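Asks: Sequence:
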Amino acid sequence: MLSRNLLVALSVALIAAPSSARPQSKETIKLNKPDAKSKTAPAMNSNNFGTVHFHTTVGSFKILGGGDSPAQGKLEVSFHGTLLVSGLKGKVTPSGNVRLEKDYKPQKKQVFFGTGKIVVEGSYNAVQFFGRDLEGVFTGFGAMRLYGEFDRKLETGEYWYEGKERRPWGTGGMTLLVPEPGAIDMKKEIKIKVVPSSKGAGTTEKTKGKG
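Numbering (this note's numbering), first residue to last: 175 to 385.
Check the hints yourself; a few may be wrong.
Computed list of lysine-lysine pairs in DSSO-like fashion (alpha-carbon distance at most 27 Å, straight line) [what the hints assert, rightly or not]: (1) 276 with 263; (2) 282 with 248; (3) 265 with 248; (4) 327 with 291; (5) 236 with 265; (6) 282 with 265; (7) 291 with 236; (8) 291 with 263; (9) 276 with 248; (10) 338 with 236; (11) 338 with 327; (12) 236 with 276; (13) 263 with 279; (14) 263 with 282; (15) 263 with 283; (16) 265 with 279; (17) 279 with 236; (18) 291 with 338; (19) 248 with 338; (20) 248 with 291; (21) 248 with 279; (22) 263 with 248; (23) 265 with 276; (24) 283 with 236; (25) 291 with 265; (26) 265 with 283; (27) 282 with 236; (28) 291 with 276; (29) 263 with 236; (30) 248 with 283; (31) 236 with 248; (32) 291 with 279; (33) 236 with 327.
Ranges of calculated distance between the beta carbons of each label pair, as one might list FRET restraints [unchecked claim]: (34) 328 with 265: 35 to 41 Å; (35) 280 with 250: 16 to 22 Å; (36) 290 with 332: 28 to 34 Å.
Please keep in mind that the hints were generated in silico from the structure rather than gathered at the bench. Here the structure is a predicted model, which is why all the values come from computation and not from measurement. For glycine and all other residues, C-beta sits at the position ideal for the given N, C-alpha and C.
Construct all of the structure, not just a fragment, from the sequences and the given hints.
Replies: Here it is, written out as structure tokens:
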């Protein structure tokens, strides 16, 4: 069982550690940027939002933006564990036995712990969770990283986009984009041109034109 001290200590250590000591990811998450005005949340453009549902017995997740666009929207989660909110422009509403454990105002980070429910609304640099008995739904714009563990039934949990099939929550880590990426447009114009060869016989080469 995950103890209160362990969960809080993990979050505090993450915040207190100097940035040079933290792993530096070179990954750049590319998202379809929302309306430029949405950077000044809580005014948000819901036309760019998608919805994803998720649940797991033991696991963690992190929601973040892409490039210079922060994540934004409404996150509702019930759980037992620790939730860290970074760079929020909006509001957090805890209920049940969830309370604010640490408030790092210079870093604009808040750590919540307990058993109950939290609703996060607005824009934020990141929202990160670690714990158990998680049920949640995120309606907004951003990238979501999932990390799961096997429970007693050897299940890791599930996630699904609104109106879509359920998919397993993996243990090796995965990244979801919200809203769900659309199908790749394969209707591109293909032009064929003749490329003279050294022997005089022509060869063909495909080039992509604009769709």
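Asks: Of the numbered hints stated earlier in the document, which are not met by this structure?
Replies: Numbers 35 and 36 - these are the hints that the structure violates, sorted from lowest upward.
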